[in-house]
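Number of protein chains: 2
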Amino acid sequence: MTAHPERTQIQLANVLAAMGSPLRLRIVRVLADGGEHTCGSIVDGVAKSNLTHHYRVLREAGIIWQRPSGRETLQSLRRDDLDARFPGLLDALIDAACLEAAAEV
Amino acid sequence: MTAHPERTQIQLANVLAAMGSPLRLRIVRVLADGGEHTCGSIVDGVAKSNLTHHYRVLREAGIIWQRPSGRETLQSLRRDDLDARFPGLLDALIDAACLEAAAEV
Chain A
1 MTAHPERTQI QLANVLAAMG SPLRLRIVRV LADGGEHTCG SIVDGVAKSN LTHHYRVLRE
61 AGIIWQRPSG RETLQSLRRD DLDARFPGLL DALIDAACLE AAAEV
Chain B
1001 MTAHPERTQI QLANVLAAMG SPLRLRIVRV LADGGEHTCG SIVDGVAKSN LTHHYRVLRE
1061 AGIIWQRPSG RETLQSLRRD DLDARFPGLL DALIDAACLE AAAEV
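Sequences listed follow chains A and B, in order. Each residue of the first sequence is one higher than the one before, counting from 1 in this note's numbering. Each residue of the second sequence is one higher than the one before, counting from 1001 in this note's numbering.
All the pointers check out, no bait thrown in.
DEER-style ranges, computed between Cβ atoms:
1) A:Pro5 x B:Leu1023: 15 to 23 Å
2) A:Cys98 x B:Ala1103: 27 to 35 Å
3) B:Arg1071 x A:Ala102: 39 to 47 Å
4) A:Asn50 x B:Glu1104: 32 to 40 Å
5) B:Arg1079 x A:Ala103: 19 to 27 Å
6) A:Arg56 x B:Gly1045: 27 to 35 Å
Chain B regions said to be covered by chain A (calculated; three or more residues, Cβ under 8 Å):
7) 1009-1016
8) 1088-1102
It should be emphasised that the hints constitute simulated quantities derived from the structure, not laboratory data. Think of the CB as a built atom: it goes at the ideal place given N, C-alpha and C, for glycine as much as any other residue.
Generate coordinates for the entire structure from the input sequences, incorporating the hints supplied.
What follows is the structure, encoded as structure tokens:
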């Protein structure tokens, strides 16, 4: 599995660019529960190769951890790192994403 | 001048994608003072055509107003619209951008 940036290497512009996609915002909303999720359990109806790309974007920006577990890959949010680096930002982003998702229903 | 999205058309993913650039974050930090700024007064050392592109990205995402004034174009932050649409988000983004900029000095 593949590199994750160190906490100190996490750059705001990269975080925002990575979040700047409806599908990746949806992934982050699911991971906001604090748990580890398998690839397929996070979003339905998206091709696996496509999902792999989106997880990679989130991982390279420092937003998620990915770790292998048997034949699966588990994803989780890097809340500690993001909160340390940009206090309050992640919650504001998740709140905004939830608000928008609720308005779309 | 050119279209601005309505408040209700402002999409979170577009806002974050537009903010996902160091130069555009710099522009937003300058505009966070609430004033109207001419193109050239916001950032130094960037070609005008390049700046025009970045202002357009911010405008199309609903982050800034642009209005002509004589031979200049004035830019300002759409704070009311962003605060109404995503309460707390703009301040969190500006705080994070200022924190990162301060750490880089």
